[in-house]
Amino acid sequence: MAQLLQHLVNTLVLGGTYALLGIGLTLIFGIMNVVNFTHGVLYTFGAYMMFIVVHQLGVNFFLALPLAIVAGWLLGAAIEILLLRPLRGSDIDTTMLVMIGAWIAMQSGALWIWGGVAKSVNNPFPDAPLVLGPVSVSWLRLFVLAAAALLIVIAYLLINRTKLGRAMRATFQDHDTAALMGVNVSWVYTSTFAIGSSLAAAAGALLGPVYVIFPQMGDLAAVKAFAIVILGGLGNITGAVIGGFILALAEELGAGYVSSGYRDAMGFLIIIAVLIFKPTGLFARAERVG
Amino acid sequence: MNRIATLICLAVFISVPLWLTDPYLLNALITTGIFIIGAMSLNLLLGFTGQLSLGHIAFFGIGAYVSALTSLGFDVPIVGDFHIVHVPWPPIAGFVLAILISGFCGYLVGRLSFSVRGAYFVIVTISFAEVVRLVALNWVELTQGPLALTNIPSITIGLPGLGYLVLKTKLQNYYLVLAVAALSYLLISRLVHSHYGRAMRGLMENETLAVAVGIDVTKTLTLAAIISAGIAGAAGSLYAHYIRIIDPDVFAFISTVTMVIMVVSGGKGSLAGPVIGGVIFGLLPVFLRPIMPPEAQWITYGGVLIAILFVLPRGIVPTLAPLLGLSRKPGGAAAKVAPRAAEEHA
Amino acid sequence: MAEPILNVDHVGMQFGGLTALSDLNFSVGEGEILSLIGPNGAGKTTAFNLMTGFLTPTKGEVKFRGVALKGLKSHEIADLGLIRTFQRTSVFPRDTVFDNVLIGLHRQGKLGLLEAILGLPRARASERAQRERAAELVRWIGLEARADDLAGSLSYGEQRLVGVALALAAQPKMLLLDEPVSGMNASETHTFVQLIRTIRDRGVTILLVEHDMPMVMEVSDRIVVLNYGRIIAEGTPDVIRNDPAVIEAYLGQSGKKAAHA
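Residue numbers (my numbering), protein chains in the order written: chain A, 1 to 290; chain B, 291 to 636; chain C, 637 to 897.
None of these hints come from the bench; they were simulated from the model.
Among the hints, a few may not be true.
[To be verified] To be clear about the criterion: a stretch of chain A counts as covered by chain B if any three or more of its residues have a C-beta under 8 Å from a C-beta of chain B, and this derived list gives those stretches: (1) 61 to 72; (2) 85 to 97.
[To be verified] With a straight-line Cα cutoff of 25 Å, these simulated PhoX-like cross-link-like pairs (lysine-lysine) come out: (3) C:LYS706 to A:LYS278; (4) C:LYS695 to B:LYS509; (5) C:LYS709 to C:LYS809; (6) B:LYS509 to C:LYS709; (7) C:LYS706 to B:LYS458; (8) A:LYS278 to C:LYS699; (9) B:LYS509 to A:LYS278; (10) C:LYS699 to C:LYS709.
Note that beta-carbon positions come from the ideal geometry of N, C-alpha and C, so glycine has one too.
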């Protein structure tokens, strides 16, 4: 029982960052119809930004987080403008392959610049965990959960309460109609990709200090993000949040009760099972299919 | 004209070991050849049915493991004292089993995942490959996990009346790979020019119409998946018996990407595309290695992939073939149909 | 009327709470040219999709030569000899006209996989026969000069012809044509009418869904008129021309129709 409770607490912490990853990818996927293979690299990038800002620039940990997010936003905008904008109207396979090319190049770039040796980011929290009866959770992880929750709320407000969000939702429904209604679709695409990228960078910046940082860390993160998006349904923000927590739960239980070697297989198994049995995702609304 | 060009290419490939004796280059050619076979099989799916399988390396890796385990033997505990024991069989049996089992996996993946298309199909195939990789990594009793399967025997061919020939040297392996590649090429060529291939093309171009004239989507796509996976399995088997050591890294996603790059750069949907793209991208590391560190090589790889998609979106062969076709004089009786034939082969 | 080849038996179709077709009941005789007409929104497209198995009716059933279409896949329906053409995407655009017809011949060329791959004499003979048949069809439809051009590069009217040739290649017993002459000029339409007659004379039953009233009146043996999801009239062109309900339906919608013309 105590073990189960501990798993549930871990799920909560992990699920928050997974949700961030998922929201970013589902926005890009849903609105732009781009399978974004650079999502994992952005996650890696966010983590390295923390490392650079905290260790090399000597800036405060809490200030480093927004800086990493802004850096992710800028990199995302740059990728969109340089690589995706010229390919507007190409088929999904072409953009997918271009994104794969960008991912390989950027990941190798990270390896070249920062080397393959794993790095860790110091954090200002006490080492002793918070112990509540049978469960214990580190202060850092609690902070990660709180920050992730805050970012999810911000993303939600951005999409549902702002002019940009309205334009994004209109573009999601039908980009031709949105364009006719005066929405600057090109601007929506760039913003969407930048926002999605900044969320991936945020997830990396939050989880980087929890684990260690290395150039390939984003690969698994990307796959998990895909699992979450498929679980939650294309372009469905709430679905992505729920999907993030479900994946975290599946991983925790899989690692705890099956074998830790198969922890990372959970995401893939979920993808395969969902696509075979319910290809529209668990929470997809009927009109979003297609 | 096309047949002649193909035969000339084949003759050039056959003659390579006569003028190229550098073992390092020959080795690069052999592994490139193995990956070209994989790329040709990928092209059958990507180029002729339009399905982008980004888990293609799974079939290659399954072929490698099946072939290695068949020829090494294994003793795997299943439940309690119940073990599955397999005594070593000749490598050639492993080769055949690799094709069959990979083909069967292709059938399963095809059957289960062709109901989802486009981006979803891509993600399912990636997931399949990763699950297989994780199994190879964690089922240590069978696969030795990260410790790798070592001492995989070389392929042995029994010659009637002459005893056995062990294909150990680079030269022998070069010709083995070339023979399998040529056979795969012929098989794919025959297939895509039959009514099966036309059904695939029809589905790729206009599925609704294809179905309306009586083409069975599931059957056609599954057939392509089976054959494609089987050929990839054959390539994996060759790889295992040539390199003679395999570990779960054989399932690395980057290897699928390498095959995709070969297909897309050479020209998807063209028979010669994966061969041309494969030769270029298979040998590119050989030339890049002396001048840049591995990270920079990969950056170049990614950059070149992007550049090709921007500059030559149709690939090298479909872009250049019409130009070459025009510059040559079509011969004899084929003159009238030559332009179309060129288009078909391109 | 000849023996029916297609029976539409009290078919109804609902989408959510909306009734698209309430009670469709008619049959098409063997060797007949029957047209289905009606103002916009009358349910023609839905009816067409039901008859080709693209939609399954919520009520009643469609039978082709005695076989219920319910639950059959599109390619299985094609195997029965019921072939449709499409309004917009009627060709395989990146293949030549000749290859388009060759793809249409799919149902004729069924060979064993091994035979095809090994290139056995039987496979070669079958391939040769199919190519001859394709060439013949291309000639017959009058597109010989364009046989080696990509279908996507053809004019709209020519693409419609390729679509018909493709459909004929599948050896239909019955052909369903979805607005085949929309977008054609008068002379192209006239040629097309001749073509439809010739196809019928080869023993193929034809069902036409069409807007072009003069063309429908000229070519049809019998006409079924739909409005608001139900049949309001049925009979020969002469009967339909003078049917007050039909006139009312079209006049009542004339403004809307003009907007679509």
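Structure-based check of each hint:
With 0 residues carrying a beta carbon less than 8 Å from a beta carbon of chain B, the region 61 to 72 of chain A misses the three-residue requirement, and the given coverage is violated. Counting residues of the region 85 to 97 of chain A whose beta carbon lies closer than 8 Å to any beta carbon of chain B gives 8, which reaches the threshold of three, so the coverage claim holds. With a C-alpha separation of about 24 Å, the suggested pair LYS706 of chain C and LYS278 of chain A falls inside the 25 Å cut-off, and the hint holds. Restraint check for LYS695 of chain C and LYS509 of chain B: the C-alpha separation of about 30 Å exceeds 25 Å, so the hint is violated.
Using a Cα cut-off of 25 Å, the hinted pair LYS709 of chain C and LYS809 of chain C holds, with the two alpha carbons roughly 18 Å apart. Restraint check for LYS509 of chain B and LYS709 of chain C: the C-alpha separation of about 12 Å stays at or below 25 Å, so the hint holds. For the hint pairing LYS706 of chain C with LYS458 of chain B, the CA-to-CA distance comes to about 60 Å; that exceeds 25 Å, so the pair is violated. A C-alpha spacing of about 32 Å is found between LYS278 of chain A and LYS699 of chain C, which places the hinted pair above 25 Å, so the restraint is violated.
Taken as a hint, the LYS509 of chain B and LYS278 of chain A pair is honoured in the structure, with Cα atoms around 22 Å apart against an allowance of 25 Å. Pair hint LYS699 of chain C plus LYS709 of chain C holds up; C-alpha atoms about 14 Å apart against a cutoff of 25 Å.
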